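Engineer: Each protein sequence line maps, in turn, to chains A and B. Sequential numbering from 1 applies to the first sequence in my numbering. Sequential numbering from 1 applies to the second sequence in my numbering.
FYI, nobody ran anything at the bench for these hints, they're computed from the structure. Quick caveat, the model's predicted, so the values are computed rather than measured. Not one of these hints is a red herring.
The list that follows gives simulated cross-link-like pairs (lysine to any residue, SDA-like), each with its CA atoms no further than 25 angstroms apart:
#1 A:179 x B:39
#2 B:135 x A:235
#3 A:179 x A:189
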Amino acid sequence: MSHSPELHKHEHVHDDEGAHRHPHHHSHDESKAHQHVHTLKFERYTYLVSPVHAIDPRFKIVAALLIVVGVVAGQPLRPLEFIFLVFVLAAITLLARIPLRWTFSRSLAVLPVALGIALFAPLGHADGLSASAISEAYSEYSWLIWSIVSKAWVSAYVMLLVSSTTPMPKLLKALKALKMPDVFVTMLTFLYRFTDVFVGQLRSMRHAVGSRAPELGGWRLIRLYGNLAGNLFIRAYERGERIYAAMVSRGYTGVLPTAEELTARPTDWLVVITAALMVAVVMLY
Amino acid sequence: MHIPDGMLSNATVAVTGAASVGYVGYAVAWVRKHFDQRKIVLMAVTAALIFALQMLNFPVAGGTSGHFAGGALAAILLGPFAAAIVMTTVLMVQALVFADGGILALGANVLNLAVIAPLVGWAVWQLAQKFSDSKSVKITAAFAAAWLSLMIAATAAALEIWISGNAQLGMVLGAMGGWHALIGIGEGLVTAGLVAYVLQVRPDLLDQSNKAGNFSPRSVAIGFGILAFIAAGLSFFASSSPDGLEFVYFEEGVGVAFEEVSLVSGIMPDYMAPGLSSDALAGILAGVVGVIITGVFLYALGSAIRKRGGEPS
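Given only the sequences and the hints, what does the whole structure look like? Please build it.
Structural biologist: See the structure below:
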């Protein structure tokens, strides 16, 4: 745990490079400094202090959706529009004090699938499968590849920006406020809370297999993995029964309570309006 | 398998989105009516587990790896409607947090992986239950359910990409089908292994879920009705070829930056795969709709007969 000059006074960095912001009430008390739930890898930067983090998540989601819908449903992006978007998105990332490399490398996850299919897209316009027809299709329709990949990337990056500048509890609260059915909010909350627990169990089971039967292979390994998954399911199910009992004993009535309060400021409206204008610029330019 | 944004035409996005919202909305209502709070919590824990199991990567051909999807497994454990909700949640997180699948394409991804895959998996599993009660049949059925659900979901994804005009039908079907035939083996092995273990240790859990997931012919008819609606909607949009807009855009020279690579002036190419006239396309889709409607009728007829036969008169 360390403090560096460029961090806000309520932030600190952990050894695993995760940065946290602590609520003001205990931030100056070292003994209480770790009374927060440790964040998962993907939410490493969600607890920072920045203008982007401060945007009301409801408005942030709406603004992001506006941009995604505008870009994806619109015409193929021309290079200038794409460069404009890249600059705006990079500026927002820097404003949020998130390392560009981090969001950028995560957004590349979209490329294998997008590129994998996009590379064959021009073939759809080939007049038969002769070499000349194929090369003609590629020379005429190579913009299709660009169109698909650029849209896929912008959409992925915008959503990553939302999810990496909003703490999960706030995001859930915002989705609820945006009228997402309760059952989905419950599902998402559990996914957030328990996926990491189960991944941890899975990992330790794999370690156990590796250390006890390192040379197991073929059919027996497959059977073992099946048993492992089944064992995990039964443990999860029985854990679920205990979780439910614990929830009921704490007054669960079917709706999950949240501590986060959302308050919209006039500037939040400005964010949405700016996003709309940005989309308009890209679409009408 | 998760379709990213930019690959589907706006019409496809609209139709698949509407269909998914409709089906998942029905699933939410169904779960509210049939599941108590305890069941919903267990469903949520299962969702987290399936998400965790997706981290299990297994090697596929050529040094690449695939991961578990879990649609059929969710359906076997929870029934198709609860599975739809579980899978939709997983897809939302993947799109929002992991850049896996687009936001506008979420409707299509939900349709493929949260609606079609669990329905197919569930149908295979239920069919096998009727056929025999032996353990080995059940395990084989779990494998078949998982493999088939993934294959059909991949086929649906391929068709959506093709209808959007972004791939050649044969090629995209072949690529998606071939790839997922391999991944499906891993999917099937995990599903079958899990089911085998649960059958041995807590068989009551599977019986329970079967009861919880039991649904009336009416709801099956609704499910198939929605699928028929999608097929019809897609065929309508595909035949009216709304993506001509993009071509006009480039042809009119608005896309100046693309001038060197822009289209040949003259006849606008149709958004159809070569060798397929719009008549053939309409024929294929009519066939799909026909198969679905026939299926609904057969199921309704079968269940009506069964009901009458089963009633002591």
